[in-house]
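Enquirer: Chains V and C, in that order, are what the protein sequence lines are. Residues 2 to 534 in the working numbering are what the first sequence spells out, letter by letter. Residues 2 to 534 in the working numbering are what the second sequence spells out, letter by letter.
Bear in mind the hints are in silico, worked out from the structure with no lab data behind them. Please read all numbers here as calculations on a predicted model, not as lab measurements. Heads up, a few of these hints could be off.
[To be verified] Covered by chain V, per the in silico footprint, the following chain C stretches (three or more residues, Cβ under 8 Å):
id: 1; segment: 113 to 127
id: 2; segment: 134 to 143
id: 3; segment: 385 to 392
id: 4; segment: 468 to 481
In this text, a Cβ means the ideal position worked out from N, Cα and C, and glycines have one as well.
Protein chains: 2
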Amino acid sequence: MSIAVDPSDVAAALTDLIAVVGVEHAQHEPTALTSFRDPFSPTDSNDHRPALVISPATVEEVQEIVRLAARHRVPIWTFSQGRNNAYGGPAPVVGGSVVLNLRRMNRILDVNTDRATALVEPGVRFFDLYDHLRAEGHRLWSSAPDLGWGSIVGNALECGVGYTVHGDHASRICGMEIVLPDGELLRTGLGAMTASSAWQAHPRGYGPSHDGLFKQSSLGIVSKMGIWLMPEPECYLSGGIAVPRKEDLPVLIDAVRPLLLDGTIQNQPAIGHALFIASVMDGAPSRAEIYDGPGPVPEHVIESVAEQLGLGRWNMRFALYGNEAIVRARLRRVQAAVSHIAGVRVLEETYAGSEVHDRATSQNAQVQAGIPSLDLMKALDWYSGEGGGHLDFSVVTPLRGDSATVVHAMMDRMMAGTGLDWDPAMILSGRCMINVAQLYFHPDDVVAAHAAFAIAPDLIREARRLGFGVYRTHVELMDVAADQFDFADHALRKLNERLKDAIDPVGILAPGKQGVWPAHLRQADVTPGAETR
Amino acid sequence: MSIAVDPSDVAAALTDLIAVVGVEHAQHEPTALTSFRDPFSPTDSNDHRPALVISPATVEEVQEIVRLAARHRVPIWTFSQGRNNAYGGPAPVVGGSVVLNLRRMNRILDVNTDRATALVEPGVRFFDLYDHLRAEGHRLWSSAPDLGWGSIVGNALECGVGYTVHGDHASRICGMEIVLPDGELLRTGLGAMTASSAWQAHPRGYGPSHDGLFKQSSLGIVSKMGIWLMPEPECYLSGGIAVPRKEDLPVLIDAVRPLLLDGTIQNQPAIGHALFIASVMDGAPSRAEIYDGPGPVPEHVIESVAEQLGLGRWNMRFALYGNEAIVRARLRRVQAAVSHIAGVRVLEETYAGSEVHDRATSQNAQVQAGIPSLDLMKALDWYSGEGGGHLDFSVVTPLRGDSATVVHAMMDRMMAGTGLDWDPAMILSGRCMINVAQLYFHPDDVVAAHAAFAIAPDLIREARRLGFGVYRTHVELMDVAADQFDFADHALRKLNERLKDAIDPVGILAPGKQGVWPAHLRQADVTPGAETR
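My request is simple: use the sequences and hints to build the entire structure.
Expert: Right, dumping it as structure tokens:
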């Protein structure tokens, strides 16, 4: 759903905005703008395309840009690296927005070895911080998500996940600097005290804490962010638990829950489907070789592929860190906890922490040590051919086996008519899990691509009926997602709108992001929230 | 600093407000109000006294009260148990406020064993939840601060600390229900979805996160709060590290930092001064027996008392949890990390997790297992005689030995002229520590009491000059504390004021809390912030 922006407004703003960053850092030709389109939207879709992309290099330029945008009343959308793929990539909710590309703001401003923290600008990628830590000889590990090309700041603000002890990136943010929509510069936590010595050390200041306001938010542009790192462990074990049967999944989840709750397993494990593991394995058969009938791969084929490739029907990876004695004691507890599952296999790769960078070659061993890669890109081509895409449906449920059963039954039922492959993955933490269903299609296959986008709102609504909320969505789905948060006559939406009006009264910043619209765009006919109001 | 409230406003509101809760739950006689005074303010002080205390029992009553207060434009102050001692107890910033006492809202609404969470009302004390978990046979441990009579909600909202793995209470909040100043009811996180199944399991919902706004805040009244618990461990070790010399402190801090950063030590250890330990020991000599000269106890006396009682000059407690193998492996790592300190002693008490409730008798072993007590009250009488009080000065510094040295040198220098005893304690987490200096006096000794309140603003300002911010203060000191957060021309204050105006436009709720004033009280002559603006 996009909202027309008056082209004359954009045109009038153009000269001013380009002057801020310089013509070499502004792109408005249609061909140049193509690379800032959502790469996975159906190729016949013109929604969510920017009118102009500008790339500031400094905080002062960002301040000037928001002031100009307010004067011209032009909507602005920000991305840090724009790798928010499956959720819209760099694309704004409102087509015709001026998009701020923050890739040039890519300085690593501080790494503190004592306290294992970093302060970075939004353009810093997981690759960049990793390389920097290695180059400078810091014995610190950063956390990375499945693909390492994204922005550390952007990922944490969108509540993305990684797989070290600091995998819940949004909760490891420590201190932000923010350009507010009126151009004021704010620092949160102890950074609000000039020359504070503990900005990245303690997550709060004095009085209310504001970091949460700027996550999945249209209230400010984060220009610096602190993040916690982990010290390189003496010993690192990248583990796996493979279970043979489809119905082993809830048993496995319930078996490992106590280990996550008590910190035996310290990172965020992920559970992957046999086909997904196959899709990124060297030498595995292709999707077409496995099954060329209609619809998704049937269960008996999945089981035979798993057996053939030596995989579990479900494959959980996890990591243990510590000195060798602690790691071995942890592992024995993991082994004991799952030993009742018939046919279970517990796998391990163990490294000295200092050697992992040179020795770890598997994606699991790498990502659980925070080593970024792009290996998982292979899955897209495997499922849908070169240039394949996906749309992610991601609900948070309690960490219980029966929650996974309910979500998967719902997905099986609702996806049946679409003909799409979909891959259920679960990212576990102590009390909840994120159930990510990747819906695969090729953007050029407009029937399949539209089928994915068409079913997604229904999935969101049906999950709500089962008691489950989404944690993140594609820009196309933000209104319907926000609509589900309906307690007390949508009190949350009303608060978000009040905050929006107070902090961004002109309503220039990321209108529609996460379903929060500025006052002038809040008419019933453009706010799909009408359906539940 | 208090601001006069028009007595006729309060009088007009009285009848309406009393009608909401019933006359038996309203107190306005001066004698009854005495128990809602700050117990440690100088006894000759009349600041910060409420005009009326009312005790609602339901969310609906709270909603009605805020609506009435807005109509009458009467300032409201809320406490949950009012045990915020050393920071003002139940007392409001603005004398003459109507105080909401939430002690009657004391239901434990949910305990979830699978995911180790609880949902409680604000009147639930640490004692209450502990007793409930025991009575119901839940093998779950809650976290408690030094004194167990406080409110779980109130303590977490004020960023209080405890000593289990969930000792940083403010960061273990998971989901809030809040009465906003206009009477609207909000649920945060996944609770914003009616019938969500994961409200206490996942700390965020969809879009911006709001929990932080309601910590140390005047933006709403928290009526329900989720909190994380820990599963009872198989094995629990309450440990101690005693070091003999004053100058061992920075060495000790730097030695344990890696253990905190990598999770070998999982809880928040505390480091106590020999005299403080003596003050709560059975059979220890009295303060007067130790030293009856002028000013605080001299160093050579401290050392001899420590030796006589078998204490370290500094005494750190810490806890290890897990199965026995993991706990022993952790302990060996702790022992190795401090073995270079001459004369160091590592102490341990080890329990089966299930036995600790019956067997642990020391305050350290109890509090690190979340067993609440009031044992530490003894310190107040020991230092200043029966009915003794204290004022706490609490700065956050990086977790570094040299930070402690700098803070203590500052304290020694600035406290010298006051003649007051003061006790430096440190609560450690991975990257920072809270340095709590308890300034002791008897409220009836008005010279000493005023000396404490007089030096406190200077301590706050001087700490800022050294790069350290306070995390919490007495109501009397909120303006000066907020003044120190000066980055970018007090951008934080400006944001807080904008949020205040948007969410509490009439300005009824807790005016002046943490230095945030509603618009009509923001005149330069009543906002001491003028000093740095």
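Enquirer: Next step is simple, just say for each hint if it's right about the structure.
Expert: We went through each hint and held it up to the structure:
{"no.": "1", "hint": "113 to 127", "in the structure": "holds (count 4)"}
{"no.": "2", "hint": "134 to 143", "in the structure": "violated (count 0)"}
{"no.": "3", "hint": "385 to 392", "in the structure": "violated (count 0)"}
{"no.": "4", "hint": "468 to 481", "in the structure": "holds (count 7)"}
Violated hints, in rising order: 2, 3; the structure is consistent with all others.
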